[in-house]
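Protein chains in written order, with the numbering used here: chain A, 29 to 482; chain B, 29 to 482.
Among these hints, one or two may not hold up.
Note that identical chains are pooled: a pair holds if it fits in a single copy or bridges any two copies.
Here are the computed lysine-lysine pairs in the DSS-like style, where the Cα-Cα straight-line distance is at most 30 Å [claimed, not checked]:
1) Lys-465 to Lys-274
2) Lys-401 to Lys-368
3) Lys-383 to Lys-297
4) Lys-383 to Lys-260
5) Lys-58 to Lys-401
6) Lys-260 to Lys-196
7) Lys-274 to Lys-76
8) Lys-368 to Lys-297
9) Lys-297 to Lys-379
10) Lys-368 to Lys-408
To be clear, the hints were calculated from the coordinates, so they are not data collected in a lab.
There are 2 protein chains.
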Amino acid sequence: MKTYIEQNKDRFLSELFDLLRIPSVSADPKFKGDMRRCAEAVKESILKAGADLAEIHETPGHPVVYGEKIIDPALPTVLIYGHYDVQPADPYELWETPPFEPTIRNERIYARGSCDDKGQFYMHIKALETMVATGSLTCNVKIMIEGEEEVGSDHLGTFVRENKEKLKADVILISDTSIIANDVPSIEVGLRGLTYLEVEVTGANRDLHSGVYGGAVANPINVLCEMIASMKDENNHITIPGFYDKVQELSAEERSLMNEAPFDLDEYKRDLAIDELEGETGYTTIERTGIRPTLDVNGIWGGYTGEGAKTVLPSKAYAKISMRLVPDQNNDEILDIFTKHFLSIAPPSVKVVVKPHHGGLPYVTPVDSVEYKAAELAMKEAWGGKQPVPTRGGGSIPIVALFEQELGVKSILMGFGLDIDALHSPNESYGLFNFYKGIETIPLFFKYYTELKK
Amino acid sequence: MKTYIEQNKDRFLSELFDLLRIPSVSADPKFKGDMRRCAEAVKESILKAGADLAEIHETPGHPVVYGEKIIDPALPTVLIYGHYDVQPADPYELWETPPFEPTIRNERIYARGSCDDKGQFYMHIKALETMVATGSLTCNVKIMIEGEEEVGSDHLGTFVRENKEKLKADVILISDTSIIANDVPSIEVGLRGLTYLEVEVTGANRDLHSGVYGGAVANPINVLCEMIASMKDENNHITIPGFYDKVQELSAEERSLMNEAPFDLDEYKRDLAIDELEGETGYTTIERTGIRPTLDVNGIWGGYTGEGAKTVLPSKAYAKISMRLVPDQNNDEILDIFTKHFLSIAPPSVKVVVKPHHGGLPYVTPVDSVEYKAAELAMKEAWGGKQPVPTRGGGSIPIVALFEQELGVKSILMGFGLDIDALHSPNESYGLFNFYKGIETIPLFFKYYTELKK
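Taking the hints into account, I'd like the entire structure generated from these sequences.
What follows is the structure, given as structure tokens:
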């Protein structure tokens, strides 16, 4: 198989580039046509890889692409999940090269979606092609690539519920996460959940002159700032009543094991150009992003934000706020207690609205499971005998918990990205090493998984 | 004179409309051409009114229009000040009729600048025309209309310093303020000063994935909110060290006198559609806007503010912040202590920049001065014997304090607007009653001022 990959590596890359050129931004309605184009392209690529069928399923939002190759119903079935939608690329001006014109610089692919998740799910399609072409496919494959992951997978839940038979599988394999370093393979065994919402604070019914009314009428921006500030204490502990009630506290052993994962604090700070980290007192950076919940403002706006000065006392202020959740927090419960709390701390001088965006449950994969062992063996072989490290990722793939509920199978998060990939940021990139290493590792997972299931 | 005004009222209005149609927004460079056009139009209108000369003076920013009519050097000279620039009109979508297409609805002129300040300074030009046409001009008139009042009059100071001889006058008359109600004439004897600045808070060197980094790296929006919130205590008292050091505390008598001014709290709240006011504990609304300093965020932005959700941990957050000042606070000192304080409360996890925009000193006119008496008599006569009330306005006309420093003369703030005029807001308007009442009152000020100076 390595030979086949070697012989076709340039074509694999140029095919990925074609996919990256499609601005499939799910959050912004003006890219609706591109989303459709992208779904068609994904479907075609699955067929070309040698699948028996590939089809586009409509949803009330963006379509889901499904494909499969069933070689023997008696054999195990691996369901591949990925997403063809990407984050908005703005601010565009910060991109060194256009976000939708993939460019190679120092062995890396620069483009929106290069890693998250086009570059990663496309590895599976090329891995399938490789296994089919070299007659080394050891079990059945199903592929589901959705178009709404970046906006909360609103309609995938329904699709999964309505297609349980079609999606029946023994394990779900997902590449939408990172490894610690190119010489330190790792597998994510935990994902944080998410509650994402938007708040609106309204003072007077119109923008006012800050001289005539300033000091006497509530300023919704000041009020919003005070409300946001009040939700964390001096230890960066979230003050929403009940927020931590269901948080699993790990044992000292578990925590020290976690902290054995390689982590270079100086390199981390240098990469981000920050002097000091900031997080919850009493936890390490690995713990803060792995096993602790958070509350971050993802966006804020209100009043005059144009050129120069405007002495306005605005009528409204807004913020997009998200909370990362850990086992056993429930995103619906957290949305509920956040909303109650936010309304309760609003002063009588303003009106407040909390608008839910989306959310998902946290997730954990047992390291003693067959699924995990197969991934461990695959990576170990691909990395020349180096044992992969189990890690707790800070990100969220809300759909993973839903898969377990609806399909009753575990997901393996075998991603190949790196922290430096700048996901969701300008100049997102994905290493060529990682792209090809993924294509090489995935067939090994199939092989070991089939063996272990015997 | 009343007859002349009556006979020409329609023309006066249509001339004002032509002026209001010019989008003279000084804050936004894209209106530079319109600013120039507006200055030319103002110059022409001064000549048409019967001035001996009218000229445009260039500045590094927008031009100043100057005109004069000297009937006898032995007589007193009144210097009229106003501004032809207006606030930005956005958000445009909230205007019932286009901001730069003046429209009459229920006896009011709706347009950006209808009151602030085109509608008000144009009263003086029509008053001059009236006095000249009816041979009733009792003293010399000088007119200075600038184009940078809404952006801090950056270059008027230099212009004034360089033209002291030309601008030599006995009193400065300004209509850029309000009366309490159409049946309650009033004169502003106090203006608040202003310190306006912009802050930038930077966390990491790029936008980050809020899942991968959230909880471990400072979020500049959360930090900015905490910094802003920390600058007021639970009594809405500003916590910046030294902020109140130079604030004049009024005597119990002065305060009770102030609070005798008619004020309908229910009507005030109904007009703004708010349930509760919010302000510094221990002071009435009239005091909060008249004799107490404030700190308001005029604009805030950072992170993702587009459609939908983006789980980004942003690199930067910004806010435009202004403080209204009262005697004897000094805007430069306040800028200085704000900056020191803001930098001192920034956590080591972020970098902070404070960028000054503009400012001005607070101002007070003695009610026992000849200037004030003349205004008082003029209004009293125009309002059929009703005595005008002295008030402390919350707004700022930074240049007024500078006039006193540089020209050594007092300014009279005889404005004719109303609180409902929605200055700086969508649907700014100015009452026809107020426009014509101003044109009627101004000549009376000239008459009484000349008499009292004899």
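Comparing the hints with the structure gives:
1. In the homo-oligomer, the alpha carbons of Lys-465 and Lys-274 never lie at most 30 Å apart, since the shortest distance is 38 Å inside one protomer and 68 Å across protomers.
2. For the homomeric pair Lys-401 and Lys-368, neither the shortest alpha-carbon distance inside one copy (43 Å) nor that between copies (57 Å) is at most 30 Å.
3. Taking the shortest Cα distances, Lys-383 and Lys-297 sit within 30 Å of each other only across copies (27 Å), while inside one copy they are farther apart (35 Å).
4. Both within a single protomer and between protomers do Lys-383 and Lys-260 lie at most 30 Å apart by alpha-carbon distance, with minima of 21 Å and 28 Å respectively.
5. In this assembly of identical chains, the alpha carbons of Lys-58 and Lys-401 never lie at most 30 Å apart, being 44 Å within a copy and 63 Å across copies at closest.
6. Proximity of Lys-260 and Lys-196 under a CA criterion of 30 Å is satisfied in neither setting, with 44 Å inside one chain copy and 58 Å between copies.
7. With identical chains, the CA atoms of Lys-274 and Lys-76 are never at most 30 Å apart, being 47 Å at best within one copy and 78 Å at best between copies.
8. Only between protomers do Lys-368 and Lys-297 lie at most 30 Å apart by alpha-carbon distance; the minimum there is 26 Å, versus 37 Å within a single protomer.
9. Only between protomers do Lys-297 and Lys-379 lie at most 30 Å apart by alpha-carbon distance; the minimum there is 14 Å, versus 40 Å within a single protomer.
10. For the homomeric pair Lys-368 and Lys-408, neither the shortest alpha-carbon distance inside one copy (48 Å) nor that between copies (55 Å) is at most 30 Å.
Of the hints listed earlier, those the structure fails to meet are numbers 1, 2, 5, 6, 7 and 10, in rising order.
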